[in-house]
Amino acid sequence: MSRPPNGRSYSALVDPGAKNSTLPSIHLDDTMTTPQPDQHQPHHHHGIMQETEAELTDDELIEYEKGILTWDKAKSWRFWIRKEWIWWYIVLIILVVLVALMAFFHHSIIDWLTPFTKRLQNLKAGFVIPAAIIFALSFPPLFGNEIVMILVGVVWGLGKGFAIVTVGTILGEVANYVVFKYWCRRRAERLTRKSLNYACLSRVIAEGGFIMATIVRLSVIPTHFTTMVFAVCGLKFYHFFVALILGLPKQLITVYVGVVLAKQNASTNSHVVSDCVFAATVVISLFALWFIYRRMTAVRKQVLLEMREDLRGKGVATSDPLVDGAVLQEDENRHQGFEPRNAV
1 MSRPPNGRSY SALVDPGAKN STLPSIHLDD TMTTPQPDQH QPHHHHGIMQ ETEAELTDDE
61 LIEYEKGILT WDKAKSWRFW IRKEWIWWYI VLIILVVLVA LMAFFHHSII DWLTPFTKRL
121 QNLKAGFVIP AAIIFALSFP PLFGNEIVMI LVGVVWGLGK GFAIVTVGTI LGEVANYVVF
181 KYWCRRRAER LTRKSLNYAC LSRVIAEGGF IMATIVRLSV IPTHFTTMVF AVCGLKFYHF
241 FVALILGLPK QLITVYVGVV LAKQNASTNS HVVSDCVFAA TVVISLFALW FIYRRMTAVR
301 KQVLLEMRED LRGKGVATSD PLVDGAVLQE DENRHQGFEP RNAV
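Residue numbering for the sequence shown follows UniProt numbering, beginning at 1 and increasing consecutively.
One thing to keep in mind: the hints can contain errors.
Said to hold, decoys possible - The list that follows gives simulated cross-link-like pairs (lysine-lysine, DSSO-like), each with its CA atoms no further than 27 Å apart: (1) 160 - 236; (2) 301 - 236; (3) 181 - 118; (4) 250 - 160; (5) 83 - 181; (6) 75 - 250; (7) 124 - 160; (8) 236 - 124; (9) 236 - 118; (10) 263 - 250; (11) 181 - 160; (12) 181 - 236.
If you are wondering where the hints come from, they were derived from the structure by calculation, not from laboratory data.
Construct the complete structure from the given sequences, taking the supplied hints into account.
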């Protein structure tokens, strides 16, 4: 592989808009009589630890800080309003609109769906249809299984509805795990070399094992996306399966929402239970996201350093001249027909 000009680092390759970093000049003390080897001058970035500055290059520091949420960033509206997040804004707006419509017009929606749901109930194996739909929606990038689960709660109630959702979810997630583990692993591994956040999430799950998988399952991260990550990061199947079972209360809550919506004259107690369940879901999700973020931040530096080594192994120069000089000299020696001597 040919080397990019100006010794660009990993993040410069991933983000073409990143500026190439240049080495600062080294100021030597006048009292020094012997030349000293070139060293990186520390670059002071807010929110970055000194040991991180000593090991990461300028471009890598920029990439590192992109995933670090500090108070200074949170106070700036420019952090929350970004052009690259436009699709996330659209998805969020659509979700908010759908939730608002269901909250204000849920009785009308239920009345409109009543004829169709009655036909499903009258079918001998009508319960297979929603289970099959949930199975199909378990494969990314498809989505919408939460809506199906709510409708299942409307039609079949809490007990039978949760059983239908459980069967569809387990079969769909297991199939998703097998497909990505044995047929899409290479493509997912390429993604870990391109996306730093994805690589950090994969590392956290691989190192955290069963406990981390369970926490991720309880978060608001879509389950079919987490299943894909579990499969490609090497999580053992029985760890994945137990975490899948322990994460089923999320589906139970969704079915219960449908049960409450189906009641034309729901009691005050039903609304209180529904509100408490929703509040508990929010608290658990926030804790899970905070825990995942802390773990991803802890491994972020090491993942960046390993990405740098991966690029050097492929012959791609980075912005560290001390190491790149040795790589260039080794390549030149090999081109001339001899190998460098190993240091004693």
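For each hint, the structure was consulted:
no. : hint      : in the structure
1   : 160 - 236 : violated (31 Å)
2   : 301 - 236 : holds (26 Å)
3   : 181 - 118 : violated (40 Å)
4   : 250 - 160 : holds (16 Å)
5   : 83 - 181  : violated (34 Å)
6   : 75 - 250  : violated (32 Å)
7   : 124 - 160 : holds (14 Å)
8   : 236 - 124 : violated (38 Å)
9   : 236 - 118 : violated (42 Å)
10  : 263 - 250 : holds (21 Å)
11  : 181 - 160 : violated (32 Å)
12  : 181 - 236 : holds (11 Å)
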